[in-house]
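Enquirer: As a plain string of letters, each chain reads:
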Amino acid sequence: MGEGTIVVKELDSGFKYRVTEEPGGEHLMRCYACGTCTASCPVRSIDESFNPRKIIRMAILGMKDEVLKSDFVWLCSTCYICQERCPQDVVITELMNALKNIAVKEGIIHPGYVAQATEIGKFGRLYEIDDFANKKREKMGLPQLKSEGKDIQTIYKSTGVDNYIAKPEEEE
Amino acid sequence: MSRIGVFVCHCGLNIAGTVDVEKAARLISNYPGVIYATDYVYMCSDPGQDMIKEVVKEKKLDGIVVAACSPTMHEVTFRNTVASVGLNPYRCEIANIREQCSWVHQNNKEIATEKAVQIIEATVEKLKLDKSLVPLSIPITKKALVIGGGIAGIQASLDIADSGYEVVLVEKNQSIGGHMLQLSETFPTLDCPQCIATPKMVQVGQHPKIKLLAYSEVEEVFGYVGNFKVKIRRKASFVDWDKCTGCGLCIEKCPVKVLSEFDEFLAKRKAIYTLFPQAVPNKPVIDSNNCLYFTKGKCRACEKNCSVEAINFEQKDSFIEEDVGAIIVATGYDLMDKAEIGEYGYGKYEDVIDGLQAERVLAPAGPTNGIPYRPSDGKIPKEVVFIQCVGSRDPEHYYPYCSKVCCMYTVKQAMLYKHAVPDGQAYVFYMDIRCNGKGYEEFLQRGIEEDRILYIRGRVSKIFKDGDKIEVWGADTLTGRKIEISADMVVLAMAMIPSQGVKKLAEKLRLATDEYGFLTEAHPKLRPVESLTAGCFLAGAAQAPKDIPEAVAQASGAASKVLSLFSQDVFYHEPIIGSVDEEVCVGCGNCVSICAYDAVELDLATKVAKVNPALCEGCGACSAACPSGAMQQNNFSKRQIFEMVDAFAKGS
Chain Y
1 MGEGTIVVKE LDSGFKYRVT EEPGGEHLMR CYACGTCTAS CPVRSIDESF NPRKIIRMAI
61 LGMKDEVLKS DFVWLCSTCY ICQERCPQDV VITELMNALK NIAVKEGIIH PGYVAQATEI
121 GKFGRLYEID DFANKKREKM GLPQLKSEGK DIQTIYKSTG VDNYIAKPEE EE
Chain X
173 MSRIGVFVCH CGLNIAGTVD VEKAARLISN YPGVIYATDY VYMCSDPGQD MIKEVVKEKK
233 LDGIVVAACS PTMHEVTFRN TVASVGLNPY RCEIANIREQ CSWVHQNNKE IATEKAVQII
293 EATVEKLKLD KSLVPLSIPI TKKALVIGGG IAGIQASLDI ADSGYEVVLV EKNQSIGGHM
353 LQLSETFPTL DCPQCIATPK MVQVGQHPKI KLLAYSEVEE VFGYVGNFKV KIRRKASFVD
413 WDKCTGCGLC IEKCPVKVLS EFDEFLAKRK AIYTLFPQAV PNKPVIDSNN CLYFTKGKCR
473 ACEKNCSVEA INFEQKDSFI EEDVGAIIVA TGYDLMDKAE IGEYGYGKYE DVIDGLQAER
533 VLAPAGPTNG IPYRPSDGKI PKEVVFIQCV GSRDPEHYYP YCSKVCCMYT VKQAMLYKHA
593 VPDGQAYVFY MDIRCNGKGY EEFLQRGIEE DRILYIRGRV SKIFKDGDKI EVWGADTLTG
653 RKIEISADMV VLAMAMIPSQ GVKKLAEKLR LATDEYGFLT EAHPKLRPVE SLTAGCFLAG
713 AAQAPKDIPE AVAQASGAAS KVLSLFSQDV FYHEPIIGSV DEEVCVGCGN CVSICAYDAV
773 ELDLATKVAK VNPALCEGCG ACSAACPSGA MQQNNFSKRQ IFEMVDAFAK GS
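Keeping their order, the protein sequence lines are chains Y and X. Its first residue numbered 1, the first sequence is counted upward by one per residue in the numbering used here. Its first residue numbered 173, the second sequence is counted upward by one per residue in the numbering used here.
If you're looking for bench data, these hints aren't it; they were derived computationally from the structure. There's no promise every hint is true.
In silico lysine-lysine, BS3-like type, Cα no more than 25 Å apart, as pairs [stated by the list, open to error]:
no., chain 1, residue 1, chain 2, residue 2
1, X, K303, X, K231
2, X, K654, X, K641
3, X, K590, Y, K9
4, Y, K9, X, K634
5, Y, K9, X, K654
6, X, K637, X, K590
7, X, K510, X, K415
8, X, K510, X, K476
9, Y, K9, X, K303
10, Y, K69, X, K654
11, Y, K9, X, K415
12, Y, K9, X, K641
Some but not every residue of chain X turned toward chain Y, in silico, with C-beta under 10 Å [unchecked claim]:
no., residue
13, R472
14, Q597
15, M603
16, Y612
17, L616
18, Q617
19, E621
20, I625
21, R629
22, E656
23, S658
24, A659
25, Y769
Model, not experiment: these values are computed from the prediction. For every residue, glycine included, the Cβ atom is placed at its ideal position computed from N, Cα and C.
Build out the structure end to end from the sequences listed, making use of the hints.
Expert: What follows is the structure, encoded as structure tokens:
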């Protein structure tokens with residue numbers, strides 16, 4: 001999160017409308033900045049820069065790029081504590097999902113997500129199944145697994161996910 | 173020989189925790205003149221009072237001392253107690269052994285007990301010389317004066333008049349209605365203020381018990397509760413209102429156009445004008461500073477066109493006198509002078525306006541029919557910045573108090589702006605948001621959620637012009653960053669201050685004001701509508717910034733105080749007042765000049781001081797100032813005070 005001057009004419013003043021139209025973001029404007037979410041956030045207790053109140057504030061002000069690119073929106077662990085405690089029912093966890101959905105439509109995806117999706121596309125799961133794992137499964141009487149991404153690729157194609165992950169793959 | 177009883181109160185542990193109350197009672201029972209003494213856990217309780225009554229009767233006491241809390245707490249209680257069994261209430265004295273003894277000597281029981289006994293002894297000495305006084309009864313003129321015809325004055329007048337008493341309502345402008353009539357809509361219901369206030373105005377105009385003196389000011393006030401004599405200046409309107417039919421032709425024909433005060437200088441009016449179409453009374457006045465006849469000696473268009481010959485250029489101010497029994501001061505507020513805040517560009521930039529100007533701009537019946545054209549070029553502003561706490565909550569530069577209504581009217585104005593310009597954006601800079609009335613917080617949330625007003629927590633540091641934009645630089649403390657907004661119009665929520673001239677009026681009425689000129693109530697919690705001058709009551713924003721419901725509630729409260737005064741034929745006044753020994757008085761006049769209540773005067777014939785018992789508040793300043801001892805306070809005579817001092821001196 002940058003710390004420079006906020007120049008309102010450079011912001012997207014319509015951003016708040018867009019967020020409130022996105023499922024999960026409807027209650028954005030209810031926030032009165034009490035900070036209950038920030039005080040409750042377990043990630044925040046480890047990393048000071050994780051601040052749901054501030055993200056909501058920036059979204060209201062129209063700081064679209066900073067919000068969509070911020071680590072917080074993407075790395076929120078979705079523990080739901082903030083959502084449970086929010087006195088204004090801003091439904092913060094859902095709001096973070098709404099922000100992620102908007103970000104994806106804008107072509108902004110956190111590299112961590114791209115890496116995960118790429119892995120799944122390759123192996124059908126988050127990691128490659130190696131011989132060691134299969135040997136262990138055999139011992140335990142479990143069926144063998146294949147590292148196989150074909151079906152996933154089909155899903156990616158039909159849902160359009162491949163559009164988002166194609167680029168980083170090329171970069172590799 | 174006196175037959176005095178002493179009753180020592182424990183006040184739970186408030187007194188008994190520090191003072192050995194049993195010992196104090198035992199010691200005092202041997203004091204000369206005391207024939208009975210006891211202690212009890214709560215003297216003010218019903219059993220405590222019953223015990224006092226029993227003892228007074230049984231022992232045939234001729235006076236009692238209650239050693240307890242401050243006399244401001246329960247003096248009245250115990251005086252009523254003894255009066256109910258036939259003892260003169262002024263033969264009951266309070267020895268304060270709580271605030272002046274137990275509470276301040278909590279670490280030393282022995283010394284506290286000794287001091288308590290001394291306080292009681294001194295009080296017994298005073299009691300021995302107390303006279304059996306009788307309260308003064310003062311006849312009451314059952315007619316009220318209400319000063320100020322805003323919503324508070326209107327409400328108070330109607331409440332009193334509807335109860336059958338006559339009211340004289342004095343208003344300095346040519347119509348009643350006050351600031352409320354200037355407003356766009358009212359929070360939190362968005363009622364149209366004209367719709368809800370004009371019926372009340374008409375009621376005032378039509379009420380057989382209300383004498384409405386518009387375009388008038390209170391000149392002088394004499395007298396005291398129940399018996400005020402008020403001189404009222406009827407300012408020259410240059411229109412004979414008895415003849416005038418209010419047809420408005422004179423206004424139409426007047427060739428002069430000047431900026432309208434009612435429209436907060438955003439529109440023009442004529443030199444002969446009424447404030448607004450629903451004015452009560454609906455009669456015009458001529459502004460002699462701008463009228464062509466008065467300035468250049470010609471024109472007379474109004475006179476030529478008046479079919480009833482109501483125009484009278486020769487009219488002079490006139491004076492009338494009214495006798496009233498009670499006065500309600502409802503003189504309202506003004507906004508602080510905007511020119512004082514240079515950094516916000518008021519006066520330099522036309523599109524920086526204040527709260528009342530914003531009301532006129534947004535008022536459906538205002539000069540722009542509610543469409544917020546900006547003053548400089550008539551464009552519709554797309555970005556409007558509202559700034560709260562301008563002058564308020566700034567003890568270093570302006571006023572330390574909160575003006576109380578700005579948070580709410582800013583939400584309302586931002587909301588109305590958004591209703592008029594749906595694709596516009598309203599920003600509000602705030603320090604705190606104080607929306608603490610019924611339905612107020614919900615109104616704020618509605619403004620934020622439905623009308624997407626952007627609230628920015630922080631102060632604006634600078635406003636300057638950049639092309640046709642007004643650059644607003646401030647801080648957004650919620651992101652911790654500086655913020656810059658290119659606005660088309662800026663609205664300043666200026667501090668509310670008492671209306672002009674209230675200080676002078678307060679002097680005439682002998683009312684106290686705080687350092688900003690707001691009228692001071694008799695007690696901030698328990699006597700909020702009374703002043704310290706008996707018979708004068710306060711209503712509305714003259715006492716402190718307040719919104720319409722609060723002003724109306726206080727007005728009704730003040731009216732009910734007047735009505736309870738009027739429910740009696742006479743008013744009983746405390747007899748503990750100054751009195752003059754005419755044999756001793758040399759007529760030096762010290763007492764006259766020191767009296768804060770104008771209660772003492774020199775009798776021209778006998779050359780001695782005379783106390784007006786109804787005006788005297790019993791402060792004792794005159795008796796302290798009297799060099800010869802001629803002026804003495806009833807039951808606080810010099811001899812009594814010396815006896816008390818002696819009693820203390822003996823003890824030590």
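Enquirer: Any hints from earlier that this structure breaks? Give me their numbers in increasing order, please.
Expert: Failing hints, ascending: 7, 8, 9, 11, 13, 15, 16 and 25.
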